[in-house]
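When you get a sec, could you build the whole thing from the sequences and use the hints?
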Amino acid sequence: MDQENSGQTASEPLLAAWIKWTMDFWDTMAQMGPGLAAAGRSGGQVSRETAGSADPWLAALNLWQAFFSLLTEPGTVAAVFRGIQAPSKIILRMAQAGWGGYFHLHQQWLKSWQGDGSPSGEPGYEHLDQDILKACNEIFEHDFRRLLNLPHLCLTDLPQERVNRATESFNQFQAAMAEFIYLLYLPVKKSLRAMGAEWVNGGEENPPEDFKEYYKRWLKILEGHYMTIFQSAEYIRTLTHTLHALEDFTLAKQELLSEAMATLGLPTRREMDELYREIYLLRKSVKQLARKLDQRESSREEG
Amino acid sequence: MDRPKIPVDLILAKLAADAEAAKHRLERARDIFHGPLATNIGTTPYELVYQEDRVRLKYYRPAAARLKTPLLLVHGLCNRETLLDLQPGRSVVQTLLKAGAEVYLIEWGNPSRRDQFLTLDDHLNGYLDDIVDFIRRRHGVPKVNLMGVCLGGTFAVIYAALHPGKIRNLITTAAPTHFNTPQGLLHLWLQKIDVDRLVNAFGNLPGSLVNAAFLLLNPPRLLLDKYLGFLEHMDNKDFVENFIRMEKWIFDSPDVPGETVRQVIKDLYQENLLVQGKLRLGGRRVDLRRVTMPLLNIYGQYDHLVPPEACEVLAEMVGSRDTENVCLDMGHVGIYVSSRFQKETIPKIAAWLLAREG
Numbered sequence: 001m002d003q004e005n006s007g008q009t010a011s012e013p014l015l016a017a018w019i020k021w022t023m024d025f026w027d028t029m030a031q032m033g034p035g036l037a038a039a040g041r042s043g044g045q046v047s048r049e050t051a052g053s054a055d056p057w058l059a060a061l062n063l064w065q066a067f068f069s070l071l072t073e074p075g076t077v078a079a080v081f082r083g084i085q086a087p088s089k090i091i092l093r094m095a096q097a098g099w100g101g102y103f104h105l106h107q108q109w110l111k112s113w114q115g116d117g118s119p120s121g122e123p124g125y126e127h128l129d130q131d132i133l134k135a136c137n138e139i140f141e142h143d144f145r146r147l148l149n150l151p152h153l154c155l156t157d158l159p160q161e162r163v164n165r166a167t168e169s170f171n172q173f174q175a176a177m178a179e180f181i182y183l184l185y186l187p188v189k190k191s192l193r194a195m196g197a198e199w200v201n202g203g204e205e206n207p208p209e210d211f212k213e214y215y216k217r218w219l220k221i222l223e224g225h226y227m228t229i230f231q232s233a234e235y236i237r238t239l240t241h242t243l244h245a246l247e248d249f250t251l252a253k254q255e256l257l258s259e260a261m262a263t264l265g266l267p268t269r270r271e272m273d274e275l276y277r278e279i280y281l282l283r284k285s286v287k288q289l290a291r292k293l294d295q296r297e298s299s300r301e302e303g
Numbered sequence: 001m002d003r004p005k006i007p008v009d010l011i012l013a014k015l016a017a018d019a020e021a022a023k024h025r026l027e028r029a030r031d032i033f034h035g036p037l038a039t040n041i042g043t044t045p046y047e048l049v050y051q052e053d054r055v056r057l058k059y060y061r062p063a064a065a066r067l068k069t070p071l072l073l074v075h076g077l078c079n080r081e082t083l084l085d086l087q088p089g090r091s092v093v094q095t096l097l098k099a100g101a102e103v104y105l106i107e108w109g110n111p112s113r114r115d116q117f118l119t120l121d122d123h124l125n126g127y128l129d130d131i132v133d134f135i136r137r138r139h140g141v142p143k144v145n146l147m148g149v150c151l152g153g154t155f156a157v158i159y160a161a162l163h164p165g166k167i168r169n170l171i172t173t174a175a176p177t178h179f180n181t182p183q184g185l186l187h188l189w190l191q192k193i194d195v196d197r198l199v200n201a202f203g204n205l206p207g208s209l210v211n212a213a214f215l216l217l218n219p220p221r222l223l224l225d226k227y228l229g230f231l232e233h234m235d236n237k238d239f240v241e242n243f244i245r246m247e248k249w250i251f252d253s254p255d256v257p258g259e260t261v262r263q264v265i266k267d268l269y270q271e272n273l274l275v276q277g278k279l280r281l282g283g284r285r286v287d288l289r290r291v292t293m294p295l296l297n298i299y300g301q302y303d304h305l306v307p308p309e310a311c312e313v314l315a316e317m318v319g320s321r322d323t324e325n326v327c328l329d330m331g332h333v334g335i336y337v338s339s340r341f342q343k344e345t346i347p348k349i350a351a352w353l354l355a356r357e358g
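Protein chains in written order, with our numbering: chain R, 1 to 303; chain C, 1 to 358.
Calculated directly from the structure, the hints in this document are not laboratory data.
These figures come from a predicted structure and were not determined experimentally.
Ideal Cβ positions, reconstructed from N, Cα and C, are used throughout, including at glycine.
Careful, some of the hints might be misleading.
Listed next, with one range per pair, are the computed distances between beta-carbon atoms [claimed, not checked]:
1) GLU52/C to ASP273/R: 20 to 26 Å
2) GLU52/C to GLU301/R: 23 to 29 Å
3) PHE33/C to MET177/R: 32 to 38 Å
4) THR240/R to LYS348/C: 37 to 43 Å
5) TYR302/C to LYS212/R: 21 to 27 Å
6) GLU301/R to GLY319/C: 30 to 36 Å
7) LEU209/C to GLU301/R: 46 to 52 Å
8) GLN51/C to LEU293/R: 17 to 23 Å
9) ASN201/R to GLU20/C: 43 to 49 Å
10) GLU302/R to LEU48/C: 28 to 34 Å
Derived lysine-lysine pairs resembling BS3-like cross-links, with alpha carbons at most 30 Å apart [what the hints assert, rightly or not]:
11) LYS216/R to LYS23/C
12) LYS192/C to LYS134/R
13) LYS220/R to LYS166/C
14) LYS166/C to LYS253/R
15) LYS166/C to LYS348/C
Written as structure tokens, this is what we have:
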């Protein structure tokens with residue numbers, strides 16, 4: 001903070017000096033014209049002969065000088081500096097938020113691993129440890145997503161918007177997929193924990209000596225956990241959410257590609273689909289007509 | 001108090017011995033993989049006798065025909081029909097030929113984006129009906145025998161209800177008709193799927209997505225144990241060849257036309273309209289009481305994809321008085337590729353058909 005203030009106090013006189021020098025320069029330049037400087041500075045009248053040719057020059061000079069006069073105001077200088085510093089502040093803030101998010105993520109990860117070490121974890125899928133993924137999502141939602149949704153102007157409007165939409169939906173799909181894969185990993189984690197507890201506690205009269213026996217037991221436990229999780233509302237919700245994210249990404253990707261294809265003069269997917277639909281309907285009509293004709297002919301032969 | 005301890009030293013010693021055996025196995029497996037492997041599927045000779053768009057009809061001629069009525073096999077759209085002719089000795093088609101049946105098999109082909117608008121009506125009242133008419137004309141018979149496999153069985157039931165005059169006998173294998181059951185994971189998941197979004201995004205349902213869904217039904221067995229089993233038997237040439245054939249079939253799922261997917265998921269899986277007598281196809285209501293021909297309904301007790309609850313009610317719902325439910329102690333794919341099905345069930349099917357030749 002101190003560094004920022006000191007930078008500001010050092011730069012302000014420098015800017016004021018540069019503005020004054022620039023104003024003097026343009027004043028000299030204006031004096032080289034036919035009496036424009038005086039008119040410009042005092043706002044006085046100019047002769048009729050010179051006014052026609054000098055009007056644009058005069059107007060530009062007035063505007064320029066007015067702009068620079070405004071710049072020399074102490075409040076404006078401070079505002080300009082604030083403006084200059086704003087992007088770096090935004091970047092800094094974004095980086096801070098990003099690091100904050102990653103730090104949060106790291107903490108979640110550590111907690112998760114600590115939880116793994118203990119064989120007496122919470123049973124059941126109602127205690128899903130999905131905070132890691134939520135933290136990942138939050139980073140995206142709070143930082144990057146906003147950037148992708150910034151409104152665009154002028155010529156870059158449409159293509160840029162589509163690129164951003166595809167990027168965003170790709171990220172959303174990745175996030176959903178990560179959540180889904182994490183859910184698929186949970187039964188592995190739980191079954192290993194159960195096997196670990198068995199190894200630590202023992203309790204069997206004649207424990208098997210063949211590793212394959214333990215593998216078979218683990219597989220059975222794993223299957224049981226999968227069957228439980230596959231029937232849970234949480235799994236079905238995550239599955240449908242992942243599918244929706246995939247569908248959104250597919251559509252966004254198609255839109256982007258269509259844009260590129262249209263630029264190259266190639267038929268887009270939508271155009272081809274419309275054509276396919278027309279062909280489908282035409283073929284169906286032809287088949288129906290052919291059937292009717294066949295029926296008519298066979299009934300005529302019978303009659 | 002002393003608790004029995006896990007004999008870690010013995011386990012490690014056994015693992016070391018296993019590792020040594022695995023090394024020798026790998027050496028033998030290398031020779032097998034470098035040599036010629038017979039992994040083709042669908043090798044029984046056939047004639048292509050009919051084609052309409054992407055749909056083709058294969059005809060398998062028996063050495064000696066004992067059944068007068070030809071048998072048409074209808075597979076679902078999600079997998080290939082080659083399941084029925086996977087390998088010599090494990091082929092439904094071959095066993096049926098040995099039993100003296102003239103066999104026709106529909107190959108639904110590879111739907112492209114231009115097929116996305118094809119509906120269930122187009123498949124059943126269009127392609128299937130045209131094929132049935134073709135076979136009737138070719139053999140000069142008024143009716144054919146129809147056997148449906150998995151969702152192809154559901155299609156066969158719907159077709160038989162709409163065109164009972166063209167079907168002499170109906171056989172369904174692992175065919176779901178009652179979809180509102182919490183027993184099958186697929187039934188549970190599809191209840192919540194927003195099929196409109198899915199079809200609007202993809203056009204056709206991608207085969208890769210169908211494969212992923214099947215694998216998710218039992219990841220420990222289908223993604224782990226199966227491959228560990230392969231590693232254990234990779235020095236056995238027959239095992240390797242059979243394994244690769246099955247892998248080829250499993251991962252060769254075609255895309256499924258979008259509009260058909262929309263209708264199957266909405267009307268069957270979500271609304272369960274078929275058993276309620278509310279399903280409409282091509283402007284006509286599908287009334288199961290119009291299924292008046294003899295019905296043989298075969299399903300697996302341990303089928304995780306199409307549970308018995310989804311199949312067994314059919315016999316009660318149809319109008320036929322000659323119905324039989326056969327529950328086998330097998331899973332879904334096991335019904336078609338198990339040696340018991342080849343040795344016991346197919347001869348039973350042939351005998352059942354022979355007894356109803358009329």
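Next item on the list: Kindly indicate which numbered hints from before are broken by the structure, ordering the numbers from low to high.
Entry: Numbers 9, 13, 14, in rising order.
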